[in-house]
Amino acid sequence: MGKRLLVATLVAIGPLVAFAQNLITGHITDVRTGEPLIGASVIVKSEKGRGVVTDVDGNFKLETKVEAPLTLKVEYVGYRALDVDVYDFDEPVEIALIDNSNRLDEVVVVGYGVQKRKQLTGAVTTVKNDELLNTSTSFDNILGGAVAGLDATASSGQPGAAINIRIRGGNSINAGNEPLYVIDGVLLYNSSSATNAGNSVAGTNFNPLASINPSDIESIEVLKDVSASAIYGSRGANGVIIVTTKSGKHGKVKVDYGYSIGVSSVRKRLDVLNAEQWGELYLELATDAQKKASGVTPELVKTWGEGTDWQDALFRTATTQQHQVSVSGGSDNERFHISGNYTNQDGVIRGTGFTRLGARLNYERDILKNVTVGLKTSFSKSTQTGSQSFRGQSNGVSGLLELALRTSPAVPIYNTDGTYNYANPFEAGDFVRNGLTPNAIADLSEVDAQTRVDNTLVSAFAQWEIIKGLKLRTQGSVNILNTRQNVFGPATSQIGFNSDGYGAVGSKRWESDQVEVTLTWNKKIGNIHEFEVLGGYTYQQEKSERLLGSTADYANDNLSYKSLQSGSQLIATETDFVTSVLYSGIGRINYSLLDRYHLTATLRADGSSRFAKNKKWGWFPSLGFAWNVNEEKFLKNIKWIEDLKLRASIGTVGNQEIGDYTFLSTYAATHYFLGGIKNTAYYRSALGNDDLKWETTTSYDLGFDFNILKGKLGFVFDVYHKKTSDLLLNIPVEQTTGFSSQLTNVGNVTNDGVEFAVNATLWQAKDLTWQVSANIAHNHNEVTSIGTGQSEIINGNQTIIRPGEALGTYYGWQFDGIVQTSEDLKSVPAPSNKPVVEYGDVKYVDQNGDGVVDQENDRVVLGSAQPDFTYGFATQLRYKNWNLSLNFQGSYGNKLYNQMEQALESPNASYNASTKLLNRWTAENPSTTIPRAVAQNNYSAYLDSRFIEDASYLRLKNIQIGYNFQPKVGNNQKLGVYLYASAQNLLTITNYSGYDPEYSGYVDRGTYPASRTFTFGVKLSY
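Numbering (our numbering), first residue to last: 1 to 1022.
FYI, nobody ran anything at the bench for these hints, they're computed from the structure. Accuracy of the hints is not assured; some may be wrong.
Pairs of lysine-lysine residues, derived as BS3-like cross-links and limited to a Cα-Cα distance of at most 30 Å, are as follows [unchecked claim]:
1. Lys-826 <-> Lys-916
2. Lys-710 <-> Lys-639
3. Lys-45 <-> Lys-73
4. Lys-249 <-> Lys-968
5. Lys-252 <-> Lys-73
6. Lys-292 <-> Lys-834
7. Lys-678 <-> Lys-562
8. Lys-118 <-> Lys-639
9. Lys-968 <-> Lys-246
Assemble the whole structure, with the sequences as input and the hints as a guide.
Here you go:
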């Protein structure tokens, strides 16, 4: 009986055992963003036909008969497939997929459309938002080091300041060199002039792009060669940066919130003398009259000690806070993305900062099966506070930073009662009035300077698919910048010092209206031919109006700039109105044969109001070719080659960024008194040129894309040549015209370069992923012609424009040591600024051997601001829920004129000096680098090679470590949490002695220094 029962039991449960299922649960996300991937497929490799897809939260449940251990194959469109080993079924499997940026069928945004990466004939680099935009307050700031051939340098470290970008070198001398920005189809040329109301004391360095929230950006495409950029014609000579903001996606509504707080400090301080050291120098330099007036004696100096650290008072530990919130989602026929952001960033110099409050709405709806409409609108209110600028007399000092740095450490900032000290017994010249002198630290607190910019950008489109493959698209947009610049300085400040207070209010409204109509036809004939034909018309009008008023001599400072009428002296009232129009016709043909050979032909015609009547129109053609070599039979069966594409392009683009009305003879108003009555007259202020025409750049590019090992290793290589012709230069004209020069098309500049980039996945497994990327670029810039009327152009006794040299070439005397007591003074060439040579003086090379060192005959090329090469390196490491990323940026071979160091090494009895003067020449200390101390040495009058410094650097631009997890909240829902800590500018390796080697100008004279920032943040996703 027992045996029968056992047999019956086994027979009953046998089928259940045979059909027992093991349950695998898991969650799939993007490796960089941590966002869930909806619709990813998961299969058991050893079990045919068994698989599932992830839900709207990226979760999956998969039943299988296979026992552990087993292998899952995970796939998702646009991502690299991944095999994941599962050893048990107890815990959910966390899987992170890598975006396959080299995938051949990836769609890339190009001018007026999209294109498969496989079919691209141009040099286009894609920068993903989630890779680089974690902490930056301006998206253009993160491009440096990320794109081969793109050089991004700061014009200032002040929050909200402009970033200067050059793609494959600078093309122009007098026209613009910035690339064109295309924000969701809206064309923008980034120029701080759009937000400059003419109030220079408030600062002229506001970056219009700083009003765009980086967290709203989905991706950035950089169009570098002419095949990619020629569709923008006259706007594409300097390259194109296409920015696409985020849109909603089909599925569950998603809510994201992010908060971060950062702490910043100045990266470096300059070494200047303390009070006792400076006092000893003062006793050497000062005249007997000066010593008597100041009361300084050797005994008094010994009691000074360290004195006042003005640099410590100038800088501060600053904080930055950011809030980001967004809601996105969609249904079968509509998609939306709504976001808001707030940024409050203090500057590391007291009294400076930047705030931004912004909102965005992106909405699309399919109103019919073949008709889609959309709206993208954003608004931001940004304020940049603080200014280091001077007004009027400067006493040889560049601004408040230099004044603070060089004020004598023997002078206190505050009086004993805590009020600011305005009595500096060592100050002289322009900065002394009735016994009072400016106080730089007081100015940073008491001077009210701000630039407020309201930026409204609205773009709407409608797209109608008339028949299959034929689409008509119409887009209209308006971008409005309303700027208000306010300044007030009391009578104790530098800007109000000689006028008993100064106040100014500037207002500017800049508007760009744009209309585009394009018709696109796509046709595929079997598997042999594929066409895309684009034709269209665009219209863009820019207009601005400006008002500036300023007064002085204030009886009461309390109302500040809010009551300009309180100033009894009218300084200036200025207004201007400017309008420009650009009409364009565009055409492009993309043709693919056998999905292997690709041709792009582009033609754009631009008509610009900025040129003379018979020169308004320019025609800009280009031709690009690409060959997918790996599709050929002789490579088809080599499995480890995923992609090998050769590219070539040729074409011409233009540059219309020359300012308005430059071809016209213009007149300006002036005033004069006759018989005690004030009258107005007009004088000719500019000599027109009816032949003024486009600067044109002809480009050639040859490159290849090579990806192997299933996309785990990829290379991009380009070599290019660019020649810019008809450069706009001011050439000498006959004196009978009443002018010394006229703007004319005469010059040429070339840029020749090589770019190389590599991307690699060094390790990819269930719990560990390691990726690296690197790029390097060399660009040789050379002026080849400046016309027949002149052989060279010297700018400000600092740089020279000469055929055979690069733009930004320094020109000055060559340092030859210090005159020693063993030398014959009569044999030492005398510099023209100090004809009597003495022991301990600086020596310069007498280039022509005439015994005199002068500006006309003895200056030589001292180097160039152009780097030999720029480079970048990045790595991302993910282990389970942890991730680590590092981004490096570097430049090599570029020079920078350190004029601040020149001032600090040129001592006088009023200002502080560099600690290098502790090693100054004396008979007992025969220094070969630092001359003797003498107040009237004229060393700062001219440029010499001592102060042309190597500004090469390697910078750890960003390092970030983060941890993501998903706790359950509410109705068993998962909340995505990402915690991170990051550091910006943590490490800089350089030999440059100034505050910062990364500077876009040619002369560093007290430039606002870059800061080192530590940030902590959290991102929540639900």
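Run the structure past the numbered hints and jot down the numbers of the failing ones, going up. As far as the earlier hints go, not one is violated by this structure.
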